[in-house]
Amino acid sequence: MAEPFGETIRIRVPAREAVAFALRKGYRVGVIDLAGHQGVDCVAITPGGAVSCTRTTRAINRRLFPKIGQSIYADDDEAMLTLLDDTSSGPHGLLVPPCDPIMYRLRGAGCAHPSCHDNFHHALARKGIRLGRTPPSICLFQNIEIDEAGHIAIGVNTSKPGDKITFRAHRDVVFAVSACPNDVFKRPPLQPTDIEVTIDMPQAV
Amino acid sequence: MNYSKHAPHALSASQTWLDVVRAGSRIGFKARGPGVGAAIFAWSHVDPYEQLSDAYTFMELRRVWPAIGDQFYTTLRRPILSLERDDPGHSIDLLRHDCWWPRARCLDTLVEQAKAKAIPAPLRRDWPYAVNIFARTRVGDDGDLIDDPVGTIQGSQIEFIVKFDVVVAVLAAGISSPAIDIYVGPGQES
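Protein chains in written order, with this note's numbering: chain A, 851 to 1055; chain B, 4 to 193.
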């Protein structure tokens, strides 16, 4: 039986920017690639300080990325977000870190280039959260693949306009979502674009 | 290479080791039998928040199974270790971390060890994740991660060169696994 959900909140995240917002246990959160080919980096933090962990998620699921019904785990080994639906053809990434000023400097784009790293810290700071380290992010719509020899290839994202990935919160978290500013690996005329987040709250009983 | 001036430290199953290893030193791990394994944590001696990272290594190396000559990277995208010897081949596992203990118990032990030796370490919640040696994970169809046993035998060795002054913490695998020898040389060990 479908779960009864009430109000839906929609948040538009401008290209190259991030938002952080609270999700209560049981809320559903969707991330929509509005224009296609856009990567979205996410991290989640509980009020107790547990942080989403790509390594723990890979280890517990024994997969590069969760299947429908599997979860994103925190560094305390507890589930945070369960993958409910994915209209994209994938893949998504749990292997590489968010883009950061050092990456842009090393690749000739200057360290003032906007980055998911800085976006996370600024968005979380607005929620009163400060992290000592930057956790590797959940990279939605990232076109990352491993060949038989173990080489990692990151290509232009193949997500289509309107593709959406949906999770259910397993516990109260602050969820930070960054519309990845990376224009270094994208081919012209692809540029970072806006994304949309939907939050569905369970109907009050 | 002769390590006679730097006697190896034998680490039995589930024991931990933590120390400063100076820039240019060689740190090695020698199996005393099949079935050994260890989890390695490493960070900068001057900045415990610059840490050995699977994610940054994947990004810079663009390979999931490091080979001899490859470098491992920190969270500041700087080489921290280079792989000099890997007898079993492709036996450094970055895809899955395994500490055999719950992470909290592992950190409790290592944090106390760092404190006792007055070695700089990150806050407990900011500790890095381990890289496993004498371990391998294969990527199956559809992104499944599958155990791929490593053919470790008595005497199998893995060696790294340390690129700058680092703190290295090691947890030996299992409960009844053979011991593992850790040796540091020819540079200085604090």
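Where hints are given, some of them may not hold.
[Claimed, not checked] Here are some, though not all, of the chain A residues that point toward chain B, as calculated from beta-carbon distances under 7 Å:
id, residue
1, V869
2, A909
3, L914
4, P947
5, P986
6, K1010
[Said to hold, decoys possible] Covered stretches of chain B, going by a simulated chain A footprint (3 or more residues, C-beta under 8 Å):
id, stretch
7, 42-56
8, 95-101
9, 114-122
10, 152-165
Since the hints were derived computationally from the structure, they do not count as laboratory data.
Just so it is clear, the structure is predicted and the values come from calculations on it, not from any experiment.
Heads up, the beta-carbon is just placed ideally off N, CA and C, and yes, glycines get one too.
Q: Provide an ascending list of the numbers of those earlier hints which the structure does not satisfy.
A: 1, 6, 9, 10
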